[in-house]
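Number of protein chains: 2
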Amino acid sequence: MADALEDDREAILSANAEDLEEAKGLSPAMLDRLMLTPERISDMARGIRALIPLDAPFGRCIGEYLRPNGLVITKMTVPLGAVGIIYESRPNVTSDAAALAVKSGNAVLLRTGKEAWKSANAIVTALRRALRTANCPEDLILLVEDRSRASAEEMMKAKGYLDLLIPRGGKALIRTCVEQATVPCIETGTGICHIYVDKAARTDMALSILDNAKTSRPSVCNAAEVLLVHRAIAESFLPLVWKRLVEQRREKGLSPVSLRCDERARAILPDSERASDTDFDTEFLDLILAVRVVDSLDGALMHIGAHSTGHSEAIVTEDESAAERFLSTVDAAAVYHNASTRFTDGGEFGLGCEMGISTQKLHARGPFGLEALVSYQYRIKGSGQIR
Amino acid sequence: MADALEDDREAILSANAEDLEEAKGLSPAMLDRLMLTPERISDMARGIRALIPLDAPFGRCIGEYLRPNGLVITKMTVPLGAVGIIYESRPNVTSDAAALAVKSGNAVLLRTGKEAWKSANAIVTALRRALRTANCPEDLILLVEDRSRASAEEMMKAKGYLDLLIPRGGKALIRTCVEQATVPCIETGTGICHIYVDKAARTDMALSILDNAKTSRPSVCNAAEVLLVHRAIAESFLPLVWKRLVEQRREKGLSPVSLRCDERARAILPDSERASDTDFDTEFLDLILAVRVVDSLDGALMHIGAHSTGHSEAIVTEDESAAERFLSTVDAAAVYHNASTRFTDGGEFGLGCEMGISTQKLHARGPFGLEALVSYQYRIKGSGQIR
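Top line first, the protein sequences correspond to chains A and B. Each residue of the first sequence is one higher than the one before, counting from 1 in the numbering used here. Each residue of the second sequence is one higher than the one before, counting from 1 in the numbering used here.
Incorrect hints may have been included.
Derived pair list, reagent style DSS-like, types lysine-lysine, alpha-carbon separation capped at 30 Å [claimed, not checked]:
1) K159(B) <-> K159(A)
2) K171(B) <-> K157(A)
3) K171(A) <-> K157(B)
4) K75(A) <-> K75(B)
5) K171(A) <-> K75(B)
6) K243(A) <-> K381(B)
7) K159(B) <-> K171(A)
Read the hints as simulated data drawn from the structure, not as lab findings. On a predicted model such as this, the values are computed, not experimentally measured, just so you know.
Same shape as in the complex, but just chain A (with noise of 0.2 Å):
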């Protein structure tokens, strides 16, 4: 498949040409997603050789019972079967989650956003002639043709036919499928984290970590949207903050990030501007932060509890029972103690490729691949048993 890809490269890059083409009216940053170059192509190879040599998940023994009675049972790792897949522009998911399918034993069935359309035929083409080549049935990948939202929709209630969907993209493609589906899901994705400075936190750590958080890569789910900070330090701490992600970065020529800040943070920063309550509940993923005073820690595990979204939620202090406590008290996916959020990613956990984060608390959690794409059966082997 990657030796496909590669193969093919001419035609893909023609296909994504047509896409891109037809997008021209898009923003900047979605042709950016759209856009492949050789290069990308090249990564997208990568990505299945790395598959090469890791044990497929299925067909493992996780349990052995022997009976009084004789029997003896097994529990083993099984496909889930068929897979589909909702996903929006960027191509490299189509190989990716194809890839992660067949290695975990499953076909897939692919629905692309209609923007990337050609360019996920183009790589399904060569991907199902690898399967071909490799005498593997070719429907073991395939790309839904209609384009409309009647094909997202028919997925979502295609129960029996599908085991597993997995929704990638927008809060609004993943609202719906939990609504609507019948068929189960594993919900990817919103992320409104929270960078929490404890009064015991060390201000340069507590600095860097949420400029790290808030400006590296803002538009993605790892990325934090709400500071909260100890009462006892917010004094010292928000003109730090302010200096640093507003001051410094216009200095430097950089979009500063713009601080919504409730009463007792604006009281200490007149400038910023005032958070509506929405601000708490918004996952921004651009260069806005919402900014609240807390009392303590008990008062920033309320507010968590309260806003999280389960993905990823940090403490910076150095106080350890302060840690221990915001790690075994949080209910999300992924809890910090002196890191950043942007962590939470299956390759930065060293768990290999990822097909998606999950803020769910059934089946999969956090990062997810190959793992999670197989179920288990129990196989039991008698001489006449009866009960």
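Chain A is already provided as a structure; the job is to place chain B on it using the hints.
Relative to the frame of chain A, chain B by itself:
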């Protein structure tokens, strides 16, 4: 909690007597399910005591990753949070489910059938008092007061409040959950279980397994509903089935099994009933067996693939390679070689007490208990790492 149940024996029995009085019109089977006796209360207490020596499923480290950048990542099991259970009239489900939920660190919201509400309330009253005595929050166990359909529907939509919903009941309840619930569910129960008697089957073993799977407790989900027979032995085997399940049962004064046969089976058993198409897709939960002659192992696999509910399926054969093919091909929670499907049960598998039998593939499959009531989270400790 076990002690409290026994202490409140009289109050529970008297609440149960009121439920039974109001339920007079129900079938004897329903009344039997609803009825409590001192022995049944002792069984409930025993079920709770059986949990005491087990390790709690939360707070376990199930993965540890030391990253090159110094981050220490641990993958820890955590309670799901709040678990909802919608069930019918068996009062022991109240104590089983509450005990499993509390043992796994969760709060539980119980919604019993209205005919069993007073019994459930008396049980919950005892269990909550036990929590108080042990300085645990009594609201870990809550019984829904509203006895109308509306409360069940509200639970299905309580996303953000309930982390998991387990419907334990009839097909209609489970279908409604799958279609309407926004809370993640574990589907339990529907079992259209097949016994495939291969051409290489030992006839006596096949008869014994079939008899056990069909008649030992026809009302449960792991009972067999369909017999598939290889054509090479149909002529010799089916008359023996008739003798065993119809004639011999009549002789013993037992109700005979009603055999609903396809055309080829009826040619061999002319006194049997004619099967309709829906008979091969019906969970009879009664002394009824659909019977079909198949041309081959592949024919059996095709039939099961098309009609299975993914619960429990069995092959009877002395041919190891046919058995291996069956076990590795059939897509069900439990697949059997030369044993009765009736063994699909947490206790029989040696897994401890169960919350239900999952027929879905995500999160939990087959008999599930404590282990399915937890999720996991990644806890990351750093010293200021940024990405």
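Now for the hints, and whether the structure bears them out:
1. K159(B) <-> K159(A): Since the Cα atoms of K159(B) and K159(A) sit roughly 21 Å apart, the hinted pair holds (cutoff 30 Å).
2. K171(B) <-> K157(A): This hinted pair holds, its Cα atoms lying about 18 Å apart.
3. K171(A) <-> K157(B): Holds, because 18 Å separates the two Cα atoms, which is no more than 30 Å.
4. K75(A) <-> K75(B): Given that 30 Å is the threshold and the Cα spacing comes to 22 Å, the pair holds.
5. K171(A) <-> K75(B): 27 Å, holds
6. K243(A) <-> K381(B): Between K243(A) and K381(B) the Cα gap is close to 27 Å, so the pair holds against 30 Å.
7. K159(B) <-> K171(A): 15 Å, holds
Violated hints: none; the structure is consistent with every hint.
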